[in-house]
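Protein chains: 2
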Amino acid sequence: MNPDRDAPYLRLDPVILAANIDRMARSAKARGLALWPHAKTHKSLEVARRQLDAGAAGLTVATVGEAEVFAALGVPGIFIAYPLWVTQERARRLRAVAERTQLRIGVESLPAAEQLAQFKIPADVMIEVDSGHHRSGLTPAAAGELAAQAGNLGLKVAGVFTFPGHSYAPGQGNGAAGDEAAALTEALAAAKAAGAAADAVSGGSSPSAAHAQPVLTDIRPGVYVFNDAQQLELGACAAEDIALSVAATVVSKSGGRVILDSGTKTLGADRPAWTTGYGRLLEYPDARIVAASEHHATVELPGPLPALGTRVLVAPNHACNAVNLHNYYVLSSTGPGTPDPAATMWAVDARGMN
Amino acid sequence: MNPDRDAPYLRLDPVILAANIDRMARSAKARGLALWPHAKTHKSLEVARRQLDAGAAGLTVATVGEAEVFAALGVPGIFIAYPLWVTQERARRLRAVAERTQLRIGVESLPAAEQLAQFKIPADVMIEVDSGHHRSGLTPAAAGELAAQAGNLGLKVAGVFTFPGHSYAPGQGNGAAGDEAAALTEALAAAKAAGAAADAVSGGSSPSAAHAQPVLTDIRPGVYVFNDAQQLELGACAAEDIALSVAATVVSKSGGRVILDSGTKTLGADRPAWTTGYGRLLEYPDARIVAASEHHATVELPGPLPALGTRVLVAPNHACNAVNLHNYYVLSSTGPGTPDPAATMWAVDARGMN
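Line by line, the protein sequences are chains A and B. Using my numbering, the letters of the first sequence correspond one by one to residues -3 to 350. Using my numbering, the letters of the second sequence correspond one by one to residues -3 to 350.
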């Protein structure tokens, strides 16, 4: 871990973690959905193993590096849910991954499909469609043409997928799940009409997962495993469901404000307009982080200010980006003190493989 | 480096780096200012060595971990320009650092000064004042009382310092430098009146460094060594002065937009309201990064779109946070291709020590 044990560290509560894993696993099973948790959130073999033990069908990842790390686990399937551009060097790596697991790769353009075929990647393809987030992905209607082209190239089209990222705004989880279902229904029909045997219909995001509609066969939530200030402020979790935090120290105080030593280099700089600040203080629900720089979080809070030197737990806005800033999780279910040198630590195994 | 050589990587142009180091060194020398570059920007022994070779008086750092890394260089002085909360564990580390270099530590409260005295840290203290950024720091008038208290505790008050962070807005560099000078002048007089021998007057930030006023003895700019999209948009550098970028790949395109694989996990998520987006594309000055998620940068640009698979260089908004996301710099003065396996690489030695 950080050579300075009093510096902000990444704290993971294993009791809450286990409850979050169990809750999503049961929810997916009850609805007949295959759960492919997105491992970009945690980048951790220990966490992934627990998700698989709870019944996950496979793991979702964003990068080739992440696929390599998690293939070592002996996972049944890995889905690189990303419009990957495959080069010769990447092809060699992907073939090695495919020897250890069943590989699925996202595709949303003919040139990318041609690269997959040219380099003989032994992977099924999943066609990405845009369901309203307007990032990558084809229109649903265009999925048929790409399915036909991919088939002509000798690729197996396993299904269609989308990321309903517009679920990340207050009150949008249900509506985004509706858009997701509509886009995937149209894309699936188009792919089948083009002759693809496509039967995987993959959606999901943590705020929309609870609203996933029956057309879906798979969901890919990521953040649910930890939760974070964004999920809390979206109403997608309760404060007691947040397993991940940064243990910070009060270093300055004056007139209703304190400064914590956890800034954007330990919490991340994510700050969507609909959030109340740069994260939330777990023990101070009324506190707000009104500004942040690399090593300073400026906190406004009512009532008596905590003393200089007090350690507090800060839930970052975005767990995925916060985790990627740290080398280790320190496991603890007690308060926010200096970590016990004997505390269990888990590596962020895929840190930096972005 | 990242096991996937085609993933976004951190690229450093050594020719521009050398020019940036030389320009600031000459500017400081011409004005009789001691240059204490902030090493939190680069976290690199190789870069620090070049700054010292060019005449830097010492290095500024933000954390104990960074101080430990850079003390190994044999640097004449290290200034932890931060209101550090010193524990017994940290005291042991700081004493080890002080055996290798002359140590200065920021202080802005009596309890923090008492900790420094109690743990017998062999360091001079620098009193932090607020010059308008309204983060940490005392009012200038209050510097006298703390200087007296520190003296009574047996601490040597070496001087006063501020960070004029309100220079980070368009057109504010000169005004912030004026506020900096006014606050430091008042604080210095107050400290001297309280009997402190204080003679170091330390300010600086990259946008205000060129405007530093005669009361200052030391400046602590950090970003100037690389420059970034923020400095460009503030007018603090020209595009050709940007030494640091992330080499990214076009993975999706449609109707005036492309998606790059460099998202917030490789560029950082910094996005002040006055910036035009999440960074700037060096080869496409009219392009704007209108949205970013972890692995996607959504770019709008006029004219013909680059082909899928094209590599482009993206200057991050904030060099300090971007560097901290990577393990290595890949040195290159040519185009943005896949890095040569024989390319020189420099470690981000203090990565994660936040």
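Treat each hint with caution, since some may be false.
[What the hints assert, rightly or not] Stretch-level coverage of chain B by chain A, calculated; a stretch enters the list once three of its residues show a Cβ under 8 Å from a Cβ in chain A: (1) 76 to 85; (2) 209 to 222; (3) 244 to 250; (4) 317 to 323.
These are computed hints drawn from the structure, not numbers from a lab. Because the structure is a prediction, the values reported are computed rather than measured. Positions of the beta carbon are idealized from the N, C-alpha and C atoms, including for glycine.
Any hints from earlier that this structure breaks? Give me their numbers in increasing order, please.
The structure breaks only hint 2.
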